[in-house]
Every structure is written in C-alpha cells, then in structure tokens.
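Asker: Sequence:
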Amino acid sequence: MIERANKKRYTLLIYLMLAVAVITAYEPMRHNDFINYDDTVYVTKNPHITGGLTAKSVIRAFTSPHFYMYHPLTTLSHMLDCELFGLEPFWHHADSLLFHTFSTLLLFWVLKRMTGAVWASAFVAAVFALHPLQVDSVAWVAERKSVLSGFFWILTIAAYIRYAERPRAGRYLLVVIVYILALLSKPVVVTLPFVLLLLDYWPLRRFESKTGKNSGSEKPQYKQFSSKYLVIEKLPLFILSVILSVVTFVAQRGGGAVMSLADRPVKYRLANAFIAYSKYVEKFVWPHKLAIFYPHPDKTVSIVSSVVCALVLLFLTATFIYLGRRKRYLTVGWLWFVGVLVPVIGIVQVGSQKMADRYMYIPVIGLSVIIAWGIQDIAKKLNTTARYIFIHTAHNSSIC
Numbered sequence: 001m002i003e004r005a006n007k008k009r010y011t012l013l014i015y016l017m018l019a020v021a022v023i024t025a026y027e028p029m030r031h032n033d034f035i036n037y038d039d040t041v042y043v044t045k046n047p048h049i050t051g052g053l054t055a056k057s058v059i060r061a062f063t064s065p066h067f068y069m070y071h072p073l074t075t076l077s078h079m080l081d082c083e084l085f086g087l088e089p090f091w092h093h094a095d096s097l098l099f100h101t102f103s104t105l106l107l108f109w110v111l112k113r114m115t116g117a118v119w120a121s122a123f124v125a126a127v128f129a130l131h132p133l134q135v136d137s138v139a140w141v142a143e144r145k146s147v148l149s150g151f152f153w154i155l156t157i158a159a160y161i162r163y164a165e166r167p168r169a170g171r172y173l174l175v176v177i178v179y180i181l182a183l184l185s186k187p188v189v190v191t192l193p194f195v196l197l198l199l200d201y202w203p204l205r206r207f208e209s210k211t212g213k214n215s216g217s218e219k220p221q222y223k224q225f226s227s228k229y230l231v232i233e234k235l236p237l238f239i240l241s242v243i244l245s246v247v248t249f250v251a252q253r254g255g256g257a258v259m260s261l262a263d264r265p266v267k268y269r270l271a272n273a274f275i276a277y278s279k280y281v282e283k284f285v286w287p288h289k290l291a292i293f294y295p296h297p298d299k300t301v302s303i304v305s306s307v308v309c310a311l312v313l314l315f316l317t318a319t320f321i322y323l324g325r326r327k328r329y330l331t332v333g334w335l336w337f338v339g340v341l342v343p344v345i346g347i348v349q350v351g352s353q354k355m356a357d358r359y360m361y362i363p364v365i366g367l368s369v370i371i372a373w374g375i376q377d378i379a380k381k382l383n384t385t386a387r388y389i390f391i392h393t394a395h396n397s398s399i400c
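In my numbering, the protein residues as written are 1 to 400.
Possibly wrong hints are sitting among the right ones.
Capping the alpha-carbon separation at 16 Å, the derived lysine to aspartate or glutamate pairs in EDC-like fashion look like this [stated by the list, open to error]: (1) Lys223 - Glu165; (2) Lys299 - Asp263; (3) Lys45 - Glu88; (4) Lys380 - Asp298; (5) Lys289 - Glu233; (6) Lys45 - Asp33; (7) Lys56 - Asp33; (8) Lys327 - Asp377; (9) Lys112 - Glu165; (10) Lys45 - Asp95; (11) Lys279 - Asp263; (12) Lys223 - Glu208; (13) Lys354 - Asp263; (14) Lys267 - Asp298; (15) Lys228 - Glu208.
Distance windows between CB atoms, simulated [unchecked claim]: (16) Thr54 - Gly351: 25 to 33 Å; (17) Glu88 - Gly339: 14 to 22 Å; (18) Tyr294 - Ile177: 35 to 43 Å; (19) Thr300 - Asp38: 21 to 29 Å; (20) Val307 - Val118: 37 to 45 Å; (21) Leu84 - Lys45: 15 to 23 Å; (22) Ile239 - Ser352: 25 to 33 Å.
Please keep in mind that the hints were generated in silico from the structure rather than gathered at the bench.
Even for Gly, the Cβ is constructed at its ideal location relative to N, Cα and C.
Using the sequences plus the hints, can you model the full thing?
Answerer: Structure, rendered in structure tokens:
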C-alpha cells in the first residue's frame, strides 16, 4: 500500500515536472510576434479568419480550403482566437503552447498505461516536449495545425486503449469520433490507423500468436485476435483516411500547391526522400543547423547519396524488424518513424521544401521509444549482471 502511494506521488511529480519544463522552455514565446511567412495568409491578413466566428465563417471553414489546406478544425481555432483576442500574438502563441503541454502530459499517460514503464514513458514525453525539432510546430502560429492534430492523435490512442481493454461499440465509436477530429485538424494524421496496428503488436500485444505461445518475455495485456480481424477492425479508420487524403489532394491541386511530375520527376522525389529520412534521423540525434525552410535541391540532388541513404534505410528497417521479434519496441518505434513521415516525405510534392522540422512533430515519438526502452533493457541487463557477479563473488568468499 505504501509502495503504491509512493508510486502515485512520483508519477504526479513527473506530470508536474513535464508541465513546468514545457512552459519554461517555451517562455520566450510570450515576446514573439506574428511572422511574414504563412502567418499572414493563415491569420493576420486573412479576412475570413480575422472576422472571427460567425455562422458564415463556420460554414466556410467546412466547405472551403484554408490556404489550399482542408483542416476546418484548425481554421475554427484560428477564428476563435481572433474572436477572443483579436490580433494580439501572445494569446495565439499561448493557445498553441497549451495544446503542446496537454499533448505532452497525455503522451506520458498513454505510454504509462500501455506499458507500465513510468520512467521510459516520462523520457519519451520529455523528448516530445522539449526536442528542438518541435519548435517550429509550437512557436509558429501558422503551425497550429500540427499541435492541434498532435493532441487529437494522442487522444485517439487514449480512446483506443480504452476500447482495447474492453471492446464495445460505444468505445469504438469514440475512437472514430476523436480520429475524425484529428483528421479535421491536419490531414497528415492519415497514418494513425497504421500506428494503431503497430500498437496492437506492441505494447498491447493484441496479435494472436501463430504458435499459441507468446514470443519474448512480455505477457499479452489484452485479448488477442487474428491479424485479419485487427486489420478489418481498423477498416473504418482507413476509409476515413482515404477520404481525407482525396479531399486534401483536390484542395491542394486546385490551389496549384501540388507540383507536377513534369516539373519534378519521380526519380528526384525518391532521391530526396531517402536523403530526407537520413537527415531527419541526423537532426533528431544532433539537432543542428535547424531552419524554418529547407529548399528542395531538385535536379542537383546527389543520386549517389540517395542510393547510399536508401540502402542504409533498408538495412535499418530489416535490422529493426529482425531484432523486433524479441524486442518488439524496436520494430514499432522504427516503423512509427518511417511510416508517419510517408505523407510528407515528398513523393507527392506540395510546396518547394525538401523537408521540414515540423514534419517530425509526431515521428519524434517513434525514435524516442527505441531509445527509452533500449536504455531500460540495457539497465536491466547490467543490473542482472551486477547481481550475478555479487552473488558469485560472495559465494566464493564464503567457501574460502
């Protein structure tokens, strides 16, 4: 009983420390103004936004693109800010920071609930909260869509955990509703059903073992099902993803934001995509030379570098999948990172950037999981080895 009370106390302390850390790190935002890169078309010089919330503006948010993007919930959040605070930048930034703080705390809760690993979950939440790659998403008003969709992304997982614990139609409906809110915040979340399948593999372990035995040392936490059932279970979510993908593509192409294959052939898109994956990993490990915009190299992209990066990517993917047979978090963390980036990796080129820090807002979680649970495994092995050496030494000493 005492141990449980102590665990509850330091868990609450972690929540508090995470919240304080986020607010402290982003405190300079209170001095920030709007910038002339996208903030103008998204908010300050967009009369449909600055006019605030009206019946007409709400209808328009759901029927018309917002700067070639279809994210009505994000549009409404900007309208609400203008309705309440006008064009006072402090409050626009404060709202974005509020969503990022809530997402950090919710991420900690979700990971702790699924795995029971308090410190590993806290590590991932801290990296998500404070990594320099997150600054674009949090401190840039035009990127409200990232923090808003990120919040509903994690909230969808929270709803999904409740459903997995006790599958019921009402709980599944809640998952669908929250996922729709995520889609209406930013279409990039179309990969979330894929991530839910990854979570079924680990840590929820809902995939039924073909041998009837569970691989690895972990026991399944939830009722297990066949892979076919779990895919069918996600079918409504995948259908919603397809619908929003089509709507977004039409909106972006209608605004001339989608670059044609004639202007940028597939080979250059693929070449840049492989290099971008390596750059994202590099900037995650060593966040240097960060910028709000990275121009696309276009035809000057190095084919040799892209081939090397492609081979490394394939090697790492194969390695993590192979090692993931025993350490499932390796497979899940890596495929989370690779899979979530697919919509923005440049195969469908929107804009003239080769990559963007803000695209890592959610993928950061996948790489952090690999590090956190990897450290936890190493610590356990070192502790086991140290105990063995101590016992062995003590036994030999007693004999002597």
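Asker: What's the verdict on Lys45 and Asp33, does the C-alpha distance respect the 16 Å limit or exceed it?
Answerer: Holds. Lys45 to Asp33 sits at ~14 Å (cutoff 16 Å).
Asker: Can you confirm whether the C-alpha distance between Lys299 and Asp263 stays at or below 16 Å?
Answerer: Holds, because 10 Å separates the two Cα atoms, which is no more than 16 Å.
Asker: Is it true that the CA of Lys380 sits at most 16 Å from the CA of Asp298?
Answerer: Roughly 47 Å separates the two Cα atoms, so the pair is violated.
Asker: Could you grab the alpha-carbon distance between Lys223 and Glu208 and see if it respects the 16 Å cut-off?
Answerer: 9 Å, holds
Asker: Run the distance test for Lys45 versus Glu88: straight-line Cα separation, threshold 16 Å.
Answerer: OK: Lys45 and Glu88 at ~13 Å, within 16 Å.
Asker: Is it true that the C-beta distance of Thr300 to Asp38 lies inside 21 to 29 Å, as the hint says?
Answerer: Holds, at about 26 Å.
Asker: Hint check: Lys56 vs Asp33, CA-CA at most 16 Å. Holds or violated?
Answerer: With a Cα-Cα distance of about 28 Å, the restraint between Lys56 and Asp33 is violated, given a limit of 16 Å.
Asker: Given the hinted pair Lys289 and Glu233, is their alpha-carbon gap at most 16 Å?
Answerer: Measuring from Cα to Cα gives roughly 43 Å; hence the hint is violated.
Asker: Should the hint that Ile239 and Ser352 are 25 to 33 Å apart at their CB atoms be regarded as holding?
Answerer: 32 Å, holds
Asker: Tyr294 and Ile177, beta-carbon distance inside 35 to 43 Å?
Answerer: 36 Å, holds
Asker: Falls inside 25 to 33 Å, the C-beta gap from Thr54 to Gly351?
Answerer: Given a distance of about 30 Å, which is inside 25 to 33 Å, the answer is holds.
Asker: Take a quick look at whether Lys267 and Asp298 sit within 16 Å of each other, Cα to Cα.
Answerer: Holds, at about 10 Å.
Hint compliance for this structure: hints 4, 5, 7, 10, 11 and 17 are broken, all remaining hints hold.
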